[in-house]
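Participant: These are the residues of each chain, in order.
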Amino acid sequence: MIAATINDTEVLVEEGSTVLQAATKYGFHIPTLCYHEGLPAYGACRMCLVEITQGASSRLESSCTRPLEQGMVIKTDTREIRGHRKMIMELLLARCPDAEVVQEMAREVGVTESRFSKLNEDCILCGLCVRACRDAIGMSAISFMSRGIKRHVDTPFSMNSDVCVGCGACARVCPTGAIRVEDYGAKRYVRYFNTELELQPCEECGRYFTTKRFFEKNKNDFVGADELYRLCDACRRRQHASMLKGPLVNVHP
Amino acid sequence: MKRIHFVPNRCIGCEECVIACGKAHDWHTRAFVEVVGGYFPIPMRCSHCDDAPCKAACPTGAIQRNEFGAIIVVKEKCIGCGTCAEVCPFGVPVIDDVTGKMIKCDLCSDILTEQEPICVQACPKDALEFVEQDEPLENRRQRMARYIKNAVEHESGLASRQM
Ligand code: SF4
Ligand code: FES
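Residue numbers (my numbering), protein chains in the order written: chain A, 1 to 253; chain B, 1 to 163.
The set of hints was computed from the structure by calculation and includes no laboratory data.
Heads up, a few of these hints could be off.
Quick look at which bits of chain B chain A covers, simulated, 3 or more residues with Cβ under 8 Å [said to hold, decoys possible]:
hint, stretch
1, 37 to 51
2, 55 to 62
3, 80 to 89
4, 104 to 112
Virtual Cβ for every residue (Gly too), placed ideally from N, Cα, C.
Sequences and hints are given; from them, build the entire structure.
Facilitator: And the structure:
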């Protein structure tokens, strides 16, 4: 267990916790935009800045990536921190004026207008999609491209990805809804990444229930060649119910 | 550890359990009734498997077993990839399109200290029972014998009526 001080409260948390986790556990709210509990922290948005004092030195660090250390004295909401958060939100508001999360967060920290010239992006470069694809699914179909103001997320050379499995996790973790996954006919389109995939039909009812590549991946990783997994969820349930039916219809409660 | 058991031939397919489950979970029902062979309704839900494939396959560790032995999904950790849906042999987990997170039966863990799961409470025919999973085998044998006895009496009753 590690003991530290957050906003004048003594805290005691397990080893390996980050400053953000410790603060959240003790009910201190720290705004975040690029943090997801299921993915490794990345420190992209800098909204989670806190002031950390260790001995004589004191500095601002992103709490999502900073492991808590014995004896840290942490402040989560000083005037300086609020100033930085406002600046970040002004910049993001200029970049993505239409994104709901950005507007909401700007309101939360007290920003209504941005002094900077507006762009019309929908991506805030939080990297959640990249982490979901690389660290959770293990496919690395997408990643950050270019530098500076040209930085964006894409597949290599912006081409139809041949490793993307079309699971849709990128779209589901994206806080701004920039990525959309759509199914038309026998194809799944991940438009933001110029990628299209073939869908896998259920062997029983013919409904498309996943992509061929995701199906193959899960077959290799987890389920093996069992016939059952070629069915959609509804047909799997029906299959099981009919297996139960045999022995059960002849007994009466 | 208690689990929901299904008592054969009591279910009438009214789907009260499905509706009650939906009511208790923002209308995302996690209970199903499958009709097989034309007229045999069989209620289905998560089995909370001992060796749960969804829990083993979840890439972010969002699927966990809680203190009631239920397999639950930790919303904050779920990234909505749908691997669980693909590896579950019972077709239980589904990804909710609105929140982008998986939803499944949580055995009503929030009310479990005081009440039985909502589907068990709602069933008008007592076709669902919330029973101790590791009940003595003796009891199970006796229960099964009772079912069979009833079945035999039922059959012979039918036979005598026909004569
Ligand atoms: S596309 Fe979405 S998830 Fe990916 S970096 Fe941009 S805002 Fe984040
Ligand atoms: S949440 Fe820590 S940097 Fe974005």
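Participant: Take the hints in turn and mark each one as holding or not.
Facilitator: Here is how each hint holds up against the structure:
1. 37 to 51: Our answer is that it holds, as 4 residues pass the Cβ test (under 8 Å) against chain A, meeting three.
2. 55 to 62: Answer holds; 6 residues pass the 8 Å Cβ test.
3. 80 to 89: Contact hint for the stretch 80 to 89 of chain B vs chain A: holds, 9 residues under 8 Å.
4. 104 to 112: That given contact is violated, which follows from only 0 residues of the stretch 104 to 112 of chain B lying within Cβ reach (below 8 Å) of chain A.
Hint compliance for this structure: hint 4 alone is broken.
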